[in-house]
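Engineer: Line order of the protein sequences matches chains A and B.
Residues 11 to 128 (this note's numbering) make up the first sequence, in order.
Residues 1417 to 1697 (this note's numbering) make up the second sequence, in order.
Since the hints were made in silico from the structure, they are not lab data.
A couple of the hints might just be wrong.
Which stretches of chain A does chain B cover? Using the computed rule of at least three CB atoms under 8 Å from a CB of chain B, they are [unchecked claim]: (1) 18-26; (2) 52-64; (3) 67-77; (4) 81-93.
Just a sample of chain B residues kept apart from chain A, beta carbon distances all over 12 Å, derived [unchecked claim]: (5) ALA1431; (6) PRO1448; (7) LEU1507; (8) GLU1528; (9) MET1560; (10) ARG1580; (11) GLY1653.
For every residue, glycine included, the Cβ atom is placed at its ideal position computed from N, Cα and C.
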Amino acid sequence: MDQPGFDAHTHIPGTTIFDGAQAMKGYNLNKMCFSFNRAENRDAFKEDAEAYMEKFELTEAQKKAIRSSNILAMIAEGGNIYYLAKLAGIFKLSVQDVGGLQTGMTTEKFKEFLASQA
Amino acid sequence: MAKILGGITTSHIPAVGNAIQKELFDDPYWKPFFDGYPKVHEWLAANKPDYVVNIYNDHGLGFFLDRMPTFAVGAAHEYRNEDEGWGLPSLPPFPGAPELSWHIIESMVADEFDITSCQELPVDHGFVVPMQLFWPGAPNNADMPRSVPISANTVQHPIPTLKRALDFGVSLRKALESFPEDAKIVVLGTGGLSHQLDGERAGFINKEFDQYCLENIVHNPTELTKISRMELVEKAGAQGTEFLMWMMMRGALGDNVSEINRNYHIPVSNTGAGTLLLECA
Ligand SMILES: [Fe+2]
């Protein structure tokens, strides 16, 4: 949690440390994504995403991030990538698609970037 | 008393499970990765372990943020690979070894490690993909050992330190070696190496750091305990913290090991993929 004068983490550019503060902020969002481990819940989301988000009491900012497929915003609102990956699955996005969306690259460019680090 | 034969590490990327299912072993993208495994198969065929302790990290199947154990040990008769959200076909259950599980739990708690015991534990790709890589067709492989899953938290900070992970392995070794059965045990460390899935830095891979870790974990793992957790995030990427599983495995092997096999390849999916087979003296 935020404690004035105390920071457990160093700042790493482009990286959000998923700690207690983030885990509390994103609890409902991640809980919704955790529910997508079950096919019937994925179907319920696909049928009526708004109602499903409401059921998990997502904040307006979290709903907005999901409506616009803005992964960076989902992370800023407390989303954890392991749970968000289940949401990405519903939209049939690969981890390279997700990487491209976050870095402003096409999936092809993102794959080239990965290979360039060999 | 039981004997620890050695340890095997591997990345456990979900895409690997998919490639195995589609038998892409000679595909140009996959071949350099799968080339790391025939030597492991030979070693396992020659040594035939009775038990496998599979140290992995759950990715949001077995545990949620409501209760997040730092170190969890499975103590079930079998372990099911359930749907992780992608609707992939799940496998038949993996046979467990609850008597070994409870021996580990008793021994490690007595040794002052605070363990969460799990009589039910759905296992995800972190557990399953390495099993499929090492025992083709797993769990339907005649040599498939009975298993004990151990999961460490890398989902949510604070995560364990590298020193704690290595010490965990040292304590696990004491537990395994005192198991009163003439049994052969292999220890797996799965996950890593460098990768980051989230944020503007998504796609980050660090070959130099991975090589440094591969080099030191064999004969000088204590050197790696100097790396702080934030330094690990910075250098290995946010999900590269899975290297903790390798440290846990390494601690269980004792001081004298010989390296039988090593493979490293970039990229597999978003990851610097590493494989290591270490044999105990
Ligand atoms: Fe992983």
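Engineer: Under the constraints set out in the numbered hints, which ones does this structure not fulfil?
Structural biologist: Numbers 2, 3, 5, 6 and 11 - these are the hints that the structure violates, sorted from lowest upward.
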